[in-house]
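Chain by chain, the residues run as shown.
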Amino acid sequence: MATTATWMRAMIIHMNEGQIYKCPFFTAGGVMRNIWKAEWRLTIRQRSSYTFVFLWIFVLSLLFLLERNNPALTGYTNMTGTIANIVLYIVPLFMLVAGSFSIANEMENGQWSLLCTYPLPTIAYWVGKLCGQLTAQSAIFSLSFSLSLLVGTLLGSSLSLKWVLILYIFSISLIWFFLVIGLTIGSFSETRWQALILSVGVWFFLIMIWPTAVISVLSFVPYPMIAPLLKASLFCNPAELLRIVFVVQLDGGAVFGQSYDELISFMQTKALWVLFVGYMFIFSSIMLAFSVWKLERKKRQ
Amino acid sequence: MKKLWYLIVFLMLFWTHPSSIHAESTLQYLIDQAPEHSIVRIPRGVYHESIVLSKPVTLQGNGQVTIQSCRKEPVISIKGQRVSVKNVTVIQCSQEKNAAAIQVSGTHHRIEHVHIRTKGIGIKLEHAYHTVITQSSIKGEKQHNGIDLWKSEQNVIEKVRIEKVRDGIYMEQSDYTTAVQNLIQQSNYGIHIMYSDHITIQKNISKNNVAGAMVMETKGGKIENNEFIFNNRNVHAQGILLFDATETKVVRNNISYNRVGILAESASNNLILSNEVRGNFIGIQFKEANGNIVSNNTFISNVNEAQALSSSDNEVKRNYWDASLKLDADGSGYSDIPYKTNPFFLSLTKDIPEYQLFFHSPGMVVLQKLWKSPDNEAMTDDSPLMTAKIQDESKSSSGVIIVFSLLLFLGSITLWRIGRKKEDA
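Top line first, the protein sequences correspond to chains A and B.
Positions 1 to 301 (my numbering) are the ones given, in order, by the first sequence.
Positions 302 to 726 (my numbering) are the ones given, in order, by the second sequence.
For reference, chain B alone in the conformation it holds in the complex (with noise of 0.2 angstroms):
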């Protein structure tokens, strides 16, 4: 009986998965058994090995497709040129360095709804070239880079969310390469830049990582619309790093609740514009940076708003400051009164980083006077704006206000009238 019982679990085990068995046999025979420029399509299941794709084909799954491999090759790699991976979840396993999920090289590649979980790297770009990653996700155990792009020119990274990497986005040698609305946290870097010129980073959220983006070796990029946000779990932690860039464009970021905001570091000639500088420890730092424009960005509450150290050659103007004395005589919509930051929070929380709980404390007057910063680590600003340029948050709600104002008349003027009735108990 027991022996009857064994042989039904074997048979139902064996009826249960041949098709899977059957096709992890048959995959790359698929493929390389389908024409030129025709669609591959993977019934659904789970498939034990890496393919090559070296030829000009579309490989989609139908439902639910995955991939999966832990040998030290790429799970899937893409040559030649016009390859695209649609609708597949790949698994790397492996252990081993630089093993990656998906290897891509050659031109006008496409990898859409590719879902990767992965002890390697993620998807790796070497010379490969006009290839388009969209709407995908990568997740990754934080030892390697999400996206590793190595003299690659020209690909379009978007809509990929990334977590759990080591860089969500590295490139390095790559130029004109393009990262659009991508979402990358819980990384070490969100998005890494290491000479490349001309790179286009908009409209990406990178939080919670160490550092938001590293800008290095690069020259005349285009940073515009991000949000590098809550970038703070270090001690070197930053929203945006740029060291040794050149002519690179900063523009309407959103640079929040990060430890620095803007860190500049020997770079110089670029543009830092717009941006919304919000509760950062730093808002803004300069080291050996000079010939920057720093106009028209809006520090609010920020810790210590600007520190510049060995960096005097810096256009700073027109910023809204929350915390400068405003006055405009002249109706021009800028201060008359030049603004000079006081980065004392510094110095009083160099040695002991839990005094920064006096922040904005009423007491703050009588200690900023014993711990004065120095000088020549301020930055000014010689026309502060009036008003801040950020999108209104339309915090209005007048009628409730109203409401509330009435309730609260009413009940204090009955407290006011008993007391001043005459006792007529």
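For reference, chain A alone in the conformation it holds in the complex (with noise of 0.2 angstroms):
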């Protein structure tokens, strides 16, 4: 309750200010930039934040620490792969239920109801709501990420700048991509509950049973076509592919095999960053599309 006491405080005084006049509120940059900063404070301030904080800096001092046993190694080894896969299980799961609780919370209180009443785009909604998640989910992350790091390097680890860089990275864009399916998820559900359920069930499709799904899918299709629908496979699952790109830059692409030295080449080059950001562009636009679809209808109803 007073989650939504805040929001509706910071809609009402963002509406009240004078900038209204200069910038009216009903139009969609407006609202956007509104919600964007009703959702960041809200974030910010609620005391879960602080859990995080807590949560992400025992994560990752422990993924520092497990580096430092590591002191001779550079590039991609055993233990960077574990680091990988340790951010892999967590960031995506609570990002998931981050992003979903927040609309499914609105949809659960009657917020969403209320502020139907009003003429709101529903894409400013959507986009303000990430934007708003993102910038706090990001900044909990590095605070405790840069936290984690002064205490790993003071405590003695060798860690080299570009494997931390690419690590964040990997991190910062793991948040986005599952910020945005968990919005999405939150837009097709109609309590908290209903969305749990369902950021559990993709984590679990994305991160833990993709293989074996892919594998017993494509046991069905003629062997020709498993190499090209593995590659378009990556597409389908930001995880798998943000992994491989993490992988090849620590120059580690060699592990995947023979099939894929056009890919990875390819992943050595500069035009790899074109292609992930029109790839996050693509892939965020989707889900923009199918969670406003859903929201139109359900505002409709």
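Treat the hints with caution; some may be incorrect.
The following residues of chain B were derived to be distant from chain A, with all beta-carbon distances above 10 angstroms [stated by the list, open to error]: (1) Tyr330; (2) Ser602; (3) Ser611.
Cβ pair distances, simulated, as ranges [what the hints assert, rightly or not]: (4) B/Arg721 to A/Val221: 47 to 57 angstroms; (5) A/Arg68 to B/Gln444: 24 to 34 angstroms; (6) B/Glu427 to A/Leu165: 25 to 35 angstroms; (7) B/Glu518 to A/Pro222: 37 to 47 angstroms; (8) B/Ser633 to A/Leu62: 18 to 28 angstroms; (9) A/Tyr89 to B/Arg721: 26 to 36 angstroms; (10) B/Lys440 to A/Ala289: 50 to 60 angstroms; (11) B/Ile714 to A/Ile86: 22 to 32 angstroms.
Hints listed in this document are in silico derivations from the structure and should not be mistaken for laboratory results.
Remember, predicted model here, so these are calculated numbers, not experimental data.
Beta carbons are placed, not taken as given, at the ideal position from N, Cα and C, and that holds for glycine.
Two chains, each in its own frame: build the complex with the hints.
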């Protein structure tokens, strides 16, 4: 309830601000900016944000200490793989829950119905939510990351800057993709309980059972189709794509074998980043389209 | 007028070439005229002829000297003893089988700063002894061997750059051969040893070949400090193959990014020590190999670390396996938990190699339970090393990292504070 109050207060305050007259509230840009700010404040102000900070500090310190046991090794090792896996287990799950709750909560407590009485563009609402969540979650994660890194370095972990940067970009990209998926899940659920179940389900599918699922599906297709389908499947699961990019950036691309030589050498060029940003944009747009479609339907009901 | 022009052009052509035409007819003559132990200096130019050196002389090019021949005979034949060839480029353009750029027999010869381009064999040593080939290069067309030794002993091949040949250095029945600091690439096999004992292979780099080194039917060899890397272009590609090799030492080599790092087949009583085996599809593979010692090696991010087929009697201990669970209760530096390798990716990718994409995937935990690899193919290390024994690559950059983390901290705390600030707008 407290969160709802804050939200409403934020909205009303922004509505009452002088800027309303200069920049009308009911333009898409104005709404988006207000929702962004409100969401950002709301998330940071929640007590759970402190819990997140402690969780990330705990996990990240563990990872930096793990890497410390690898003093003489650079590049991609089994330990690096394990670290990426821990990040992959934990970041997507929490981001899915945070993203989906952010919308489902408003569905549940009636705030969404209230908002529907204003002529709010749904796109602005969703994008504002994404930006707000992204700002808040990145702030929380970066704060913990910097503290753990500082502690780790002072305790004598010898890490390379490249390794640290790649891990950071990898985590922030994961936060982005899974917040997008989380917000979509939120748009499709009526209650938080539904959102939680869907989030865990999606997490389990994309992270835990992905290889098994892909292999079982591919056992039905003719052999020559397997290689192209596997490459295509990479783009269906941002977690898997990010993992491959992470490994390649740490010069470990050779572990995927001969079949991926071209893909790996492409990923070592600068063009990768153009593709990556393009993929980020397209993936988010598709998710946005689904969410807006569903939210508009809900609005009409 | 036109005729006059033709005449001028003809005269000019004739005028610029007389030295080469003149030298071409006299290179062998020059050599034949030279007294023993003298130096025959060849003026710069292109010489279309094949020559024979059968007495102790030094043939030395002054400036850019190219000797070229498209006949079946070797461009340079070296016989007798103490012949030196220095600073020349040799081109063998004959397509015929076994045509060699340089053929050597006899003893105590020296080939130095010789650069060979050949459609046939680069340098062929037949019954040659105590010959040194150094600081030279060979470029072929993948049809024939770079340096081919046949029944030749005590020869040294050093600092030779070999590319695009069949086998970089091929030795058969050539004991006590030494190959040091050579670079062999884009060939079939980098170094190929057959029936040659007590060979020494040190500090060579063999990369992008089908196999780094094929060591077959040999005894008492030393293979040390070499780099066998990126030999992965073929389904049968290996870093190093020990086939029916005995009492051979494979020590401190860097064997990385090959399809199979070390393959020991029917090999016995070999020592495989302190090698760095990284990023191979299979780190080390034994087939009917027994009595070998595998110790102090470092295995990092190999898709399958080790596989043993019908090989039970090998001593695998004190290696570093980056995938092993390590616990050192008594501070000995060795883990108390034995490590059993699980080459399960082999069974997963046997039919569909593309599935290798799932290497280290977080969902692999589930899949690993479903695809159990046969127990008898595992290799067990009873006391794995706690830390890797490789040169410290000193990756640390603490100062930069502290600055980075402080910047990150400032950025995020600002975002945090803006979020927590009371609405004052």
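### Query
Looking at the structure, which of the earlier hints fail to hold?
Per hint list: 2, 5, 6 violated.
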